[in-house]
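A.B. asks: Turn these sequences into a full structure, and let the hints guide you.
All letters in the sequence shown, in the order written, are residues 1 to 255 by the working numbering.
It cannot be assumed that every hint is accurate.
Within a straight-line C-alpha distance of at most 27 Å, the following computed BS3-like cross-link-like pairs (lysine-lysine) qualify [what the hints assert, rightly or not]:
#1 K235 with K219
#2 K61 with K179
#3 K125 with K37
#4 K219 with K37
#5 K235 with K112
#6 K125 with K137
#7 K178 with K73
#8 K37 with K171
#9 K37 with K224
#10 K137 with K111
Keep in mind that the hints were calculated from the coordinates and are not lab data.
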Amino acid sequence: MPLLKTDNLNIYYEITGKGSPLLLIHGLGSSTRDWEKQVVFLSQHFKVITFDVRGHGKTEKPQGPYSVSLFAKDTADLIQALGISPVHAAGISMGGMIAFQLGIDRPELVKKLSIINSGPELILKTFAERAVFFQRKLVVRLMGMKYMGRILAQRLLPEPCQKQSRKTLIKRWAENDKKAYMASLNAIIGWSVADKISNIQCPVHIIASDMDYTSISYKKSYMKKLQDAKITIIKNSRHLSPADQPVQVNYSIMD
Numbered sequence: 001m002p003l004l005k006t007d008n009l010n011i012y013y014e015i016t017g018k019g020s021p022l023l024l025i026h027g028l029g030s031s032t033r034d035w036e037k038q039v040v041f042l043s044q045h046f047k048v049i050t051f052d053v054r055g056h057g058k059t060e061k062p063q064g065p066y067s068v069s070l071f072a073k074d075t076a077d078l079i080q081a082l083g084i085s086p087v088h089a090a091g092i093s094m095g096g097m098i099a100f101q102l103g104i105d106r107p108e109l110v111k112k113l114s115i116i117n118s119g120p121e122l123i124l125k126t127f128a129e130r131a132v133f134f135q136r137k138l139v140v141r142l143m144g145m146k147y148m149g150r151i152l153a154q155r156l157l158p159e160p161c162q163k164q165s166r167k168t169l170i171k172r173w174a175e176n177d178k179k180a181y182m183a184s185l186n187a188i189i190g191w192s193v194a195d196k197i198s199n200i201q202c203p204v205h206i207i208a209s210d211m212d213y214t215s216i217s218y219k220k221s222y223m224k225k226l227q228d229a230k231i232t233i234i235k236n237s238r239h240l241s242p243a244d245q246p247v248q249v250n251y252s253i254m255d
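C.D. replies: Shown next as structure tokens:
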């Protein structure tokens with residue numbers, strides 16, 4: 001099991017394939033395993049590096065608090081320790097936030113960002129938005145991670161043909177450490193680098209599903225602040241695009 005000790009944190013990572021380095025950063029409650037449909041294909045074209053973010057998967061789960069800046073520092077430490085910079089960093093959801101933070105904090109380590117169903121901030125501006133996250137915290141505290149996984153599976157993978165994907169999501173979510181998950185959730189709520197993304201000089205590819213939590217118009221609005229950006233729409237897809245539309249996502253990352 002490849003573990004890398006960086007700044008007192010044991011980080012689990014995997015490297016597959018050869019070529020230009022492509023770093024895949026997973027989302028909240030996820031792990032390296034959820035990139036499985038990307039690694040098989042993309043490793044034919046790139047050196048694909050996947051890793052478990054602090055508090056997730058097989059990486060250490062120290063006591064919080066966590067922050068997106070801390071996640072980005074861990075990521076930078078991994079990149080430097082492996083000697084793979086500059087990388088193309090692709091992140092989904094929380095992973096996209098980490099990618100944005102990395103591009104701002106350590107621009108010399110990245111040559112391109114692919115931001116999948118994510119944005120440069122998570123500010124809860126309305127009562128409805130606050131209620132969603134309050135409900136999620138309440139469900140996790142009272143009912144546990146597996147129950148939360150069931151809710152997400154039905155919401156994000158609702159099609160009859162996605163039955164096996166739902167089972168996989170529920171099983172994997174049940175394996176999450178509750179305290180580490182809550183620390184990670186608290187890390188992203190209130191986070192913002194929206195006022196700094198105009199400083200990002202590398203190309204940014206926004207990959208947005210047509211049925212994501214946040215609208216395409218929102219993604220287009222922050223895209224205008226970036227120096228070098230484009231957007232690709234993933235059709236017939238919800239928040240978990242790498243799982244529900246892997247072919248579209250794979251080719252978008254390659255683009």
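A.B. asks: Would the hint linking K125 and K37 be met if the CA-CA limit is 27 Å?
C.D. replies: This hinted pair is violated, its Cα atoms lying about 35 Å apart.
A.B. asks: For the pair supplied as a hint, K125 and K137, is the alpha-carbon distance within the 27 Å limit?
C.D. replies: Given pair K125, K137 holds - Cα atoms ~18 Å apart, limit 27 Å.
A.B. asks: Straight-line Cα separation of K137 and K111 no greater than 27 Å?
C.D. replies: violated (36 Å)
A.B. asks: Would you check the hint for K235 and K219, treating anything up to 27 Å between C-alpha atoms as holding?
C.D. replies: holds (15 Å)
A.B. asks: Measure nothing beyond the straight line between the CA atoms of K37 and K171; if it is 27 Å or shorter, mark the hint as holding.
C.D. replies: Status holds; Cα separation ~17 Å.
A.B. asks: Can you confirm whether the C-alpha distance between K178 and K73 stays at or below 27 Å?
C.D. replies: Given that 27 Å is the threshold and the Cα spacing comes to 23 Å, the pair holds.
A.B. asks: Quickly compare the C-alpha distance for K235 and K112 to 27 Å and report which way the hint goes.
C.D. replies: holds (23 Å)
A.B. asks: Hey, K219 versus K37, does the alpha-carbon distance stay inside 27 Å?
C.D. replies: Holds, at about 25 Å.
A.B. asks: Given the hinted pair K61 and K179, is their Cα-Cα distance within 27 Å?
C.D. replies: holds (9 Å)
A.B. asks: For the pair supplied as a hint, K37 and K224, confirm whether the alpha-carbon distance does not exceed 27 Å.
C.D. replies: Since the Cα atoms of K37 and K224 sit roughly 31 Å apart, the hinted pair is violated (cutoff 27 Å).
Going down the numbered hints, you'll see the structure goes against 3, 9 and 10, while the others check out.
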